[in-house]
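For the record, the sequence lines run as chains A and B. Residue numbers for the first sequence follow numbering that gives the first Met the number 0, beginning at 0 and rising by one. Residue numbers for the second sequence follow numbering that gives the first Met the number 0, beginning at 0 and rising by one.
Since the hints were made in silico from the structure, they are not lab data. Virtual Cβ for every residue (Gly too), placed ideally from N, Cα, C. Check each hint, because a few of them may be wrong.
Claimed, not checked - Derived CB-CB ranges, DEER-like:
1) B:Gln128 x A:Asn1: 31 to 37 Å
2) A:Asp16 x B:Glu175: 56 to 62 Å
3) A:Ala168 x B:Gln266: 44 to 50 Å
4) B:Asp107 x A:Pro307: 54 to 60 Å
5) B:Glu243 x A:Pro309: 41 to 47 Å
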Amino acid sequence: MNVDDAFEEFQQAVNADPGAVREARERRDLFRDAFSSETDVDEIIASGSLARGTQKDPIHDVDVIIVFDGSHHPDWGHPGESAAAALNHTRERVHGLLGSAEGTFAQEVRLARWRNHAVKCFLDEPEDPDAFTVDAMPALRRDGRLLVPEAVSEDWIACDPEFLIAQVAHRHATWRKFAGTVRMLKSWAAQQPFDVKSLVMEVLALDHLPTDASRPAALKQFFVSAAFAMDGGSVVEDPAGLCGPIQSKLDYAAFAGALQAARDDAAKAIQAQVSNDTAAAIAHWGKVFGADFPAVGRGSTVKPTAVPRPVKDTPQG
Amino acid sequence: MSSSETCIFVPGEAIHKIAGSSLSGGTLVLQFSQADEIFVVAAVEIGHDIRSSTLPSRDYLALNGVNASFDGQWLRAPEPGDATSLHLQHLLLARRPLAAIPIDVFRDLVAGVRDPGNKRGFLITHDPQLPPELRDLGCPEFAGWTIERTGVRPLPLQIEPECFGIEQLAATWPVERMSTIRVLLVGCGSIGSAAAEALASVGMGTIDLVDPDRFLWHNMIRHSLAKESVGRFKVDAMREHLRERWPHTTVHPHREDVVEDAHTVRQLFKEADVVICAADGIAPRRVVSHLARRAGVPSVLACVLEHGAVGELLRLRPTPRFGCLLCMRAALANEGAMDAEADQELGYGTGSTHQPMSAVPPDLRLIGTLAAKVAVATVLESRHGDHTQRLPGEHAIIGLRPAGDLAPPFDVSFAGEIRWSTIPSPRPTCPTCSPP
Chain A
0 MNVDDAFEEF QQAVNADPGA VREARERRDL FRDAFSSETD VDEIIASGSL ARGTQKDPIH
60 DVDVIIVFDG SHHPDWGHPG ESAAAALNHT RERVHGLLGS AEGTFAQEVR LARWRNHAVK
120 CFLDEPEDPD AFTVDAMPAL RRDGRLLVPE AVSEDWIACD PEFLIAQVAH RHATWRKFAG
180 TVRMLKSWAA QQPFDVKSLV MEVLALDHLP TDASRPAALK QFFVSAAFAM DGGSVVEDPA
240 GLCGPIQSKL DYAAFAGALQ AARDDAAKAI QAQVSNDTAA AIAHWGKVFG ADFPAVGRGS
300 TVKPTAVPRP VKDTPQG
Chain B
0 MSSSETCIFV PGEAIHKIAG SSLSGGTLVL QFSQADEIFV VAAVEIGHDI RSSTLPSRDY
60 LALNGVNASF DGQWLRAPEP GDATSLHLQH LLLARRPLAA IPIDVFRDLV AGVRDPGNKR
120 GFLITHDPQL PPELRDLGCP EFAGWTIERT GVRPLPLQIE PECFGIEQLA ATWPVERMST
180 IRVLLVGCGS IGSAAAEALA SVGMGTIDLV DPDRFLWHNM IRHSLAKESV GRFKVDAMRE
240 HLRERWPHTT VHPHREDVVE DAHTVRQLFK EADVVICAAD GIAPRRVVSH LARRAGVPSV
300 LACVLEHGAV GELLRLRPTP RFGCLLCMRA ALANEGAMDA EADQELGYGT GSTHQPMSAV
360 PPDLRLIGTL AAKVAVATVL ESRHGDHTQR LPGEHAIIGL RPAGDLAPPF DVSFAGEIRW
420 STIPSPRPTC PTCSPP
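Just chain B, with the same shape it has in the complex:
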């Protein structure tokens, strides 16, 4: 049964009302949307001549797009006698395209089916006594039918499920554990907004968003937010955006600059299970590296380098074996792999707080999503012993538009290539890694 066929959408409200009605059958009001070729159960007769509205909330724009109304019918399925269950026949018929039950035969099977005349009638049957073995076979408790004089055919029902969030994945994803995890996300720009969406969509319990900036026109090209958010603080708009789509994630907005407001943001690091930094520029990343280390919390630093040619993810673990951002950068500079003075520092002290972004939106989204993946995997492996979430290293270089002319370890050659390596141990004199 393909979801592209014409079908009837049955809101959960309609299901509850049919199942709970003391009647053995009644009328339905179906609304039809011509643009999408869908029927929606808009009202159910729950008592004699008493109809109750069942339309879903206005958030479901397509399901509320009405062009015409039709009368339908619902009936309680008959007890199966020596014949097979009505809904088993529904299942078997649905597997045989164009097959139909003659209307006289169907009306003998199901008492009370109205004569459709020369039109097409719609019927929903409900079998509350459906045996478990038939449910296991795929028989539905609620079945849809089109009734025509030429025959009765199964009609797909799309029933609103009790649960359609991340809970559905509870058998294969640690949904309950995720709901207890708290992530601090510094930077709600192109990469940060993608990371935030990824975090919320895996069922993250709490996300603290830190960013002092407003969402402006020039942000729209790469950001998860759109026109309606222009002018708003990014953290506030992102909270609303995430709440609409993933209401089970608690989002706390903080209109703060992690550098200037480090004294107040510091507490958030102590409360976090993991930190992601997707902020522009060197200073915020250094502050995040320092505060996370001091708080004993792992952090993931995400960015693109070389005008979007490569992406970089750093996982900083506050343990004796692994150094901080400064230790990593010092090692890269010593190896001639990174020119911190010319290419990075000068650009930020000359009136502009960040380099003009020249990466394409999907590349930034890729880095943001991967940063979220690394953060979640880190917590699941380290805290919850999830062997399926082990990472190959602490430092990832991702080819986005690589020209192949960069020094190792940035010398990826292919778009889509991901190269993992480790990071150096703390420098003996490192002010971040040395105990305070």
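Chain A extracted, bound-state conformation:
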């Protein structure tokens, strides 16, 4: 197994199950088709990691933004009760269109409950281990941005999820491995002993994951420059510049430390690859990505601890 083979195998491990992806797309389409005939709905936008192609295994939810026509809801978009009203309206329409008992379009949604920004729709049986929800978020479009309700603050906030979708699509068009590599980074984050939101990694990838290198080189460059940025005390913010920090409670000191550790292992992996020591390279990448990364095969000569390389006496002046 060479390093590329190892990454291909790791890619398969972090990718969401194709059957689950297919099911997620069908559920997205179900909501799009159901709401598209509503007279007060302008458009339905697929959002979240599924829309960006960065979903990793397992899929937890499918995000759908339902953009309502503001002229039908003139009281929406202002601070106060309209945030909850929009969520209530969305939940009622989910029930009306897709409720398992009374749905006029289909009978698929067993339960719908609203959260802070969206209505979480349960389609699976409670005991299903592969269950995932559809999160339907009401919105209004104003001045090229989306206004979405925030129940906790009883207000509406501006956001631009299409910006991130477009940015990821652009990167992926430049380098066909971009989205898959982001999944690897999200897998790395999921293994950390502290909470790192997937979206933090996606936004960091926009800034620090290059699109002109091989996958191992790109990942190494990501960890080096992302560690540099976090070491400086920078905060990961909404790339559209609207919503501020993505995870305000992130333990940035721990995050910077984890990135630095990954940086050092990734640098060793690259150096081992340069020295044609494939086994050592794979072993170092395994330290970065954990148990899901393919183990070095039997008969490997890799040593458990790296031995410093002696300097060759080839002086140049």
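Chain A is already provided as a structure; the job is to place chain B on it using the hints.
For chain B alone, kept in the frame of chain A given last:
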């Protein structure tokens, strides 16, 4: 094959003309410089009795220093039969000093070799069909020979390469990335000129030079510029100097004072990937620290202190963890490490814009080169994820002539010692570090 031996310099033009000629051989004109003991191919016969000049440009002074001319010959190498390639024999002979091929044997190998008589003849053979495996062994496509009746011996050829700039290092240095980087260099004095040369020599794409001063006689002792530039604006003379040596770097001169013209220079900070300040005095450094922070660009401040006893490099990163120059200086003053009032401020308000420079030229060059290294490393690590360019900290003290009597962190004891440390966080009330 040592480059100190007598050899033939073959300009690229001569190589192209020999390779492109429809003839199987022809004459050469070699010019000889006695002072340097070198031959230069000055003309090549490209058609029957048609000679074409191949001399390099006049910039190559030594290669144009002619004392005598000699006739030579070029021949297409024969197809190797069951014998080994002519150029493989050239390679093997070159490794055996004094070894030679008897002239009769050589003339049997290569048809058309002229009899040198009692003189020494010069021959260049060209083997366009040289197999890749022989090239890998080190066999040359073009081989030089001296022809004498006592034998034929290999003669080193120095062939002008297609590329002799930074592109040669593309396998080990991010040449393409460097060409996209833009550096703003404030101050083109002793340290600044050394930094500018270092930046251009690593393949920097664009350098903006900011300095309002003229190059004067007293600058010559430590500066990269020399007599021909006395009287000129430093930025203009430096642009010319850099363009001569490193033409791939774009240099923009700005005859401006970063303090007095801060309103116009500000835009340059926004366009830069990194800023270096090598200007004299406190005020320019403060302005650079402020404008770079506001522009969100890292800056490197380079200077010598204590009349050249120590050098100092500050890397200022516009992030929440790291403060600016004023934050750093305040912390040093609080620790009793720096006496900003007496030793620095007074000297600048009394009619002289800067302290008389008392450091020796190589020390200033060292600081300028190190400042460029820090700036380049910062961009490569932060923007391009280059793990080989990580720095040990943000603040470096370099021992130049240290007496060992300075307060920490300036208390280096040895010449050549470099001590790295970090810098403090922004002060809560800092006008530079606080959001505008």
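Verification of the supplied hints:
1. B:Gln128 x A:Asn1: 31 to 37 Å: Given a distance of about 36 Å, which is inside 31 to 37 Å, the answer is holds.
2. A:Asp16 x B:Glu175: 56 to 62 Å: Distance hint for aspartate 16 of chain A, glutamate 175 of chain B is violated at roughly 40 Å.
3. A:Ala168 x B:Gln266: 44 to 50 Å: Check failed, 32 Å falls outside 44 to 50 Å.
4. B:Asp107 x A:Pro307: 54 to 60 Å: 57 Å, holds
5. B:Glu243 x A:Pro309: 41 to 47 Å: Holds: the Cβ-Cβ distance is about 42 Å, inside 41 to 47 Å.
Of the numbered hints listed earlier, those contradicted by the structure are 2 and 3.
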